Amino acid sequence: MGTAKLTIRSLLRAPVFTAVVILTIALGVGANTAIFTVIESVLLKPLPYPKPEELVGVWHTAPGIALKDLNQSAANHFTYLDENRTFQEIGVWAQLSASVTGKADPEQVRTLNVSHGTLAAIQARPLLGRVFTEHDDQPGSPRTVVLTYGYWQRRFGGERSVIGRRILVDGAAREVIGVLPEAFRFLDSKPQILVPFQFDRGKVLLGSFSQMGVARLKPGVTLEQANADVARMLPMVLEKFPAPPGFNAKLFETARIGPNVRPLEKDLLGDVGGVLWVLMGTVGLVLLIACANVANLLLVRAEARQRELAVRAALGAGAQRIAKDLLTESVILGVAGGTLGLGLAYAGVKALVWLAPAGLPRIDEISIDVPVILFAFAISTLCGILFGLIPVWRYTGRRMDGALRLGSRSFSQGRERHRVQSALVVIQVAMALVLVVGSGLMLRTFWAIQQVPPGFTQPEHVQTLRVSFPEAEVKENERVTRMQEQMLQNLLRIPGVTAASLSSSLTMSGYTNNDLVFAEDHTYALNELPPIRRFKFISPGYFSTLGRKLLAGRDMTWTDVYNRSPVGLISENFAREYWGSPQSAIGKRIREGPKDAWREIIGVVGDERDDGANKKAPAVVYWPLFLDKIFGQTDYAARGASFAIRTDRAGTEGLLKEIQQAIWSVNRNLPLAEVSTLEEIYDKSMARVSFTLVMLGIAGAMALLLGVVGIYGVISYSVTQSKREIGIRSALGATQGQLVSMFVRRGLKLAAAGAALGLVAAAIASRFMESLLFEVQPLDPLTYAGVAGIVVGIAALASYVPSRQVSGTSPLEALRAE
Amino acid sequence: MTESVIQLQSVSKIFVTDEVETHALSNIHLDIRKGEYVSISGPSGCGKSTLLAILGLLDSPSEGTYVLNGHAVHGLKTGERARIRNREIGFIFQAFNLIGDLTVYENVELPLTYRGMPGDERKRRVSEALERVDMAHRIKHFPAQLSGGQQQRVAVARALAGNPAIMLADEPTGNLDSANGEQVMDLLKELHKAGATICMVTHDPRYAGFADRTVHLFDGKLVPEGSHGNAQTA
Numbered sequence: 003m004g005t006a007k008l009t010i011r012s013l014l015r016a017p018v019f020t021a022v023v024i025l026t027i028a029l030g031v032g033a034n035t036a037i038f039t040v041i042e043s044v045l046l047k048p049l050p051y052p053k054p055e056e057l058v059g060v061w062h063t064a065p066g067i068a069l070k071d072l073n074q075s076a077a078n079h080f081t082y083l084d085e086n087r088t089f090q091e092i093g094v095w096a097q098l099s100a101s102v103t104g105k106a107d108p109e110q111v112r113t114l115n116v117s118h119g120t121l122a123a124i125q126a127r128p129l130l131g132r133v134f135t136e137h138d139d140q141p142g143s144p145r146t147v148v149l150t151y152g153y154w155q156r157r158f159g160g161e162r163s164v165i166g167r168r169i170l171v172d173g174a175a176r177e178v179i180g181v182l183p184e185a186f187r188f189l190d191s192k193p194q195i196l197v198p199f200q201f202d203r204g205k206v207l208l209g210s211f212s213q214m215g216v217a218r219l220k221p222g223v224t225l226e227q228a229n230a231d232v233a234r235m236l237p238m239v240l241e242k243f244p245a246p247p248g249f250n251a252k253l254f255e256t257a258r259i260g261p262n263v264r265p266l267e268k269d270l271l272g273d274v275g276g277v278l279w280v281l282m283g284t285v286g287l288v289l290l291i292a293c294a295n296v297a298n299l300l301l302v303r304a305e306a307r308q309r310e311l312a313v314r315a316a317l318g319a320g321a322q323r324i325a326k327d328l329l330t331e332s333v334i335l336g337v338a339g340g341t342l343g344l345g346l347a348y349a350g351v352k353a354l355v356w357l358a359p360a361g362l363p364r365i366d367e368i369s370i371d372v373p374v375i376l377f378a379f380a381i382s383t384l385c386g387i388l389f390g391l392i393p394v395w396r397y398t399g400r401r402m403d404g405a406l407r408l409g410s411r412s413f414s415q416g417r418e419r420h421r422v423q424s425a426l427v428v429i430q431v432a433m434a435l436v437l438v439v440g441s442g443l444m445l446r447t448f449w450a451i452q453q454v455p456p457g458f459t460q461p462e463h464v465q466t467l468r469v470s471f472p473e474a475e476v477k478e479n480e481r482v483t484r485m486q487e488q489m490l491q492n493l494l495r496i497p498g499v500t501a502a503s504l505s506s507s508l509t510m511s512g513y514t515n516n517d518l519v520f521a522e523d524h525t526y527a528l529n530e531l532p533p534i535r536r537f538k539f540i541s542p543g544y545f546s547t548l549g550r551k552l553l554a555g556r557d558m559t560w561t562d563v564y565n566r567s568p569v570g571l572i573s574e575n576f577a578r579e580y581w582g583s584p585q586s587a588i589g590k591r592i593r594e595g596p597k598d599a600w601r602e603i604i605g606v607v608g609d610e611r612d613d614g615a616n617k618k619a620p621a622v623v624y625w626p627l628f629l630d631k632i633f634g635q636t637d638y639a640a641r642g643a644s645f646a647i648r649t650d651r652a653g654t655e656g657l658l659k660e661i662q663q664a665i666w667s668v669n670r671n672l673p674l675a676e677v678s679t680l681e682e683i684y685d686k687s688m689a690r691v692s693f694t695l696v697m698l699g700i701a702g703a704m705a706l707l708l709g710v711v712g713i714y715g716v717i718s719y720s721v722t723q724s725k726r727e728i729g730i731r732s733a734l735g736a737t738q739g740q741l742v743s744m745f746v747r748r749g750l751k752l753a754a755a756g757a758a759l760g761l762v763a764a765a766i767a768s769r770f771m772e773s774l775l776f777e778v779q780p781l782d783p784l785t786y787a788g789v790a791g792i793v794v795g796i797a798a799l800a801s802y803v804p805s806r807q808v809s810g811t812s813p814l815e816a817l818r819a820e
Numbered sequence: 035m036t037e038s039v040i041q042l043q044s045v046s047k048i049f050v051t052d053e054v055e056t057h058a059l060s061n062i063h064l065d066i067r068k069g070e071y072v073s074i075s076g077p078s079g080c081g082k083s084t085l086l087a088i089l090g091l092l093d094s095p096s097e098g099t100y101v102l103n104g105h106a107v108h109g110l111k112t113g114e115r116a117r118i119r120n121r122e123i124g125f126i127f128q129a130f131n132l133i134g135d136l137t138v139y140e141n142v143e144l145p146l147t148y149r150g151m152p153g154d155e156r157k158r159r160v161s162e163a164l165e166r167v168d169m170a171h172r173i174k175h176f177p178a179q180l181s182g183g184q185q186q187r188v189a190v191a192r193a194l195a196g197n198p199a200i201m202l203a204d205e206p207t208g209n210l211d212s213a214n215g216e217q218v219m220d221l222l223k224e225l226h227k228a229g230a231t232i233c234m235v236t237h238d239p240r241y242a243g244f245a246d247r248t249v250h251l252f253d254g255k256l257v258p259e260g261s262h263g264n265a266q267t268a
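Which chain is which? The protein sequence lines are A and B, in order. Read the first sequence against this note's numbering and you will find it ends at 820, with the numbers running on by one and no gaps. Read the second sequence against this note's numbering and you will find it ends at 268, with the numbers running on by one and no gaps.
Keep in mind that the hints were calculated from the coordinates and are not lab data. Honestly, I wouldn't trust all of these hints.
When the alpha-carbon atoms are kept at most 20 Å apart in a straight line, the in silico SDA-like pairs for lysine to any residue are as follows [stated by the list, open to error]:
#1 K725(A) / L136(B)
#2 K751(A) / G134(B)
#3 K111(B) / V223(A)
#4 K725(A) / G715(A)
Just a few of them, taken from the derived set where beta-carbon distance is under 10 Å, the chain A residues facing chain B [what the hints assert, rightly or not]:
#5 S724
#6 K725
#7 E727
#8 I730
#9 S732
#10 G735
#11 T737
#12 Q738
#13 Q740
#14 L784
#15 A787
#16 G788
#17 G791
#18 S812
#19 P813
Every value quoted in this text rests on a predicted model; they were computed, and no experiment measured them. All residues carry an ideal CB built from backbone N, CA and C; glycine is no exception.
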């Protein structure tokens, strides 16, 4: 009969042992396979384009204005398009939104605005019609649009006759020239329609780095060569294009713009790799703990089989043969556990995708595929060999005559017998402690973030939504502002609404607008650029709606807005940076460009964590909704407006209907988009932290559970095996309390050794988490002490329970035990 | 007249398994006086070990009374029985029953630690006991490093160290060859001469003869002295 068949039969005779081992491995392999699935799909799979290694993101650095990542401008794009020697194709793109009207209700859709080189670089092919050509990019060319597959299906029912039809995008008619295939992906953008940029070369100025650059390298060109090429072209940009009014080209030289061409996948992945690799390391430790548990179980089983092994040896089985039998058993268990683990991973991946933070790239590409299945079976087999080697090392090649004479012992079991099991438990506790410290640090991070005032209060009572006012719909800027005020007045009349206001960008909403800010009382060296500040355009009452304190001065009024008064408010951090205190900033004057009008600071408000609660609050300037002489324009209105409505009814369907009515009563063609409560926006910004916390928490709990099971198992086994010793001690007068405390001390010694080892390991491992932490040091003493205390406490309990059970047996019975 | 260390009155032990009652001991009366050396003998299964377990408070009688050193002990709770075992009784087992994890010194010291005895006093007593059994030179050895005879001498030292009211020896030579067996019996005899009270279970008539008095058990009952064919006194 084959070894495998015999082994399976033998395992089936010990169903509890077999089930526990398989389940333990399945948990470890399942967790690892689930996380590996995400890593493989997100990080390891090449981008879904032909020759993805040739694709690059065209970025810059600007150390002169402290920017590590400066994106692409139209001036740079045209220069590179004309002068480069290293790119096959080069394009610019941006994710924007637009309203589509004229068919059913107006709808705000996500757009991908591109130059034709973008789709050419990724070699996108249409399903129907064509994609953009150079002609579509020319100003004055007929306006065109390309639909994505999903939008085509949803809005046009997949009609092939859609090509040539016109749709109103931001009030302007565009001809549908193509439909992209279902498999079309552009990084992590999820556009519904694509529209071409139509830059007018004659009007392009230096600066305004508001697009992203993408390019395909010529075959054989390296990143170094591409960067050298961009470095060569950068001075040409300053020669080819004029500076905006009030600036000169020398000012741009002080920014010291340099090349930063990098693999396109970095644009897609960002820093998500850090979180995923930390999670992979975490579940890897869980698997090792599971292996240690299984190794312990196998040791017990091998010990119980010692007589059988001795008989086999006596009958002529060599060490190799016995090792083969033991390893066959462990590998069969490993593979069985791996198979079940793969099933758990399938469910785990579904849960992960559901739990995954907003912004986890390629989330729709996450799936279990052949490499994942191979990974699961590789780690299962490896684990089978790993935990099988310990009993092999322990029980093969040893003298077996002793095993055949068991039962004639004249003293209780020696310490040698438990040494390997104890060592495994120490390692388990150490690894569990590392993971629980990781969870603890994330918990402290989460708590610390929640203590940070985000720039608003009671966000669950603030309903938000965004409305765009395209020029095709509302031509004059002042008319935009008057409509916005009218909408706010209507909103304030809704029952239960206590405040309503709007801003070009709500806190944490992701709409950012940054520019230079000069202060009148600050002198700047020749060609020195002041720091970039965040700009927001707000209506009166914005701060009171959000619940943010006015620290000095006053809020703006509608009179300020309509008079286009040269006023603004700033955030506290900006005031302190330049003038030392909020009060000192009042009355000071600032402006956006050297030629713009000076504007007086009339108020200072508390900081807002605009980039997320765990990110530094940016210095913000709040301008009125409507103002003149800014960005080189005569006047300016915030055409993208996020409304904030404070009411206890936030999030209810009834309220949304009334809000829609309030806005559409002013203009029926303006779609409502991004409807959510402020709390949802906050939660979304916390999603990555929450995800990491939940994942590390699950891993930590699993590790702790497995570690506790390990300690329980070893102490329980040790107590059972020490039954005779218990009898002897009991006969000599030991009370039950003394016996229990002896075994608890034994468990505590193991736990303490594991905790000491684990604390050192955690101190090393936590360095890898540093980027995930917020206001918590990787060596946070409270976390380390707390976790060590918890682990040792649980270990004491895990030792107490079995000790209590067995040490209560009659000494006479215990003395008879073998 | 010397005082009684052990007084058993009408002691019976009944084991009930699967509704079957087994009378292991029936109506036992036994009196062991201070300084006496008593051996209990009888064929295998006659109840010797059960009797010794009851005498050692490892088991309790189903019926009857047991007075140890003037105190009734048959109805005590587990904790109290442990305390009395520790202070009044010294055990010597057939299988020595040393603890493999502990050195010779620690094995002998063990019952004294349960008593909460101060360290200095423990050290003195352990040293004295090991010297009496001629094992003082092996204090750092583990049981596995000793011969059977040496292990049993350590077990005797352990029983002695606590200065018990009585030493209970259960087939102390059962796991030894005859030379080592003789040595252990000589040691017990020396201890008895020095004043120790000993109660020994043995099925070997040669060693039963070392005792002052031999009590015979048969089918769980004491056989009246004189009705037994073998020598009953040393």
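Here is what the structure says about each hint:
no.	hint	result
1	K725(A) / L136(B)	holds (16 Å)
2	K751(A) / G134(B)	holds (19 Å)
3	K111(B) / V223(A)	violated (89 Å)
4	K725(A) / G715(A)	holds (15 Å)
5	S724	holds (9 Å)
6	K725	violated (12 Å)
7	E727	holds (6 Å)
8	I730	holds (5 Å)
9	S732	holds (7 Å)
10	G735	holds (2 Å)
11	T737	holds (5 Å)
12	Q738	holds (7 Å)
13	Q740	holds (6 Å)
14	L784	violated (38 Å)
15	A787	violated (32 Å)
16	G788	violated (34 Å)
17	G791	violated (29 Å)
18	S812	holds (7 Å)
19	P813	holds (5 Å)
Violated hints, in rising order: 3, 6, 14, 15, 16 and 17; the structure is consistent with all others.
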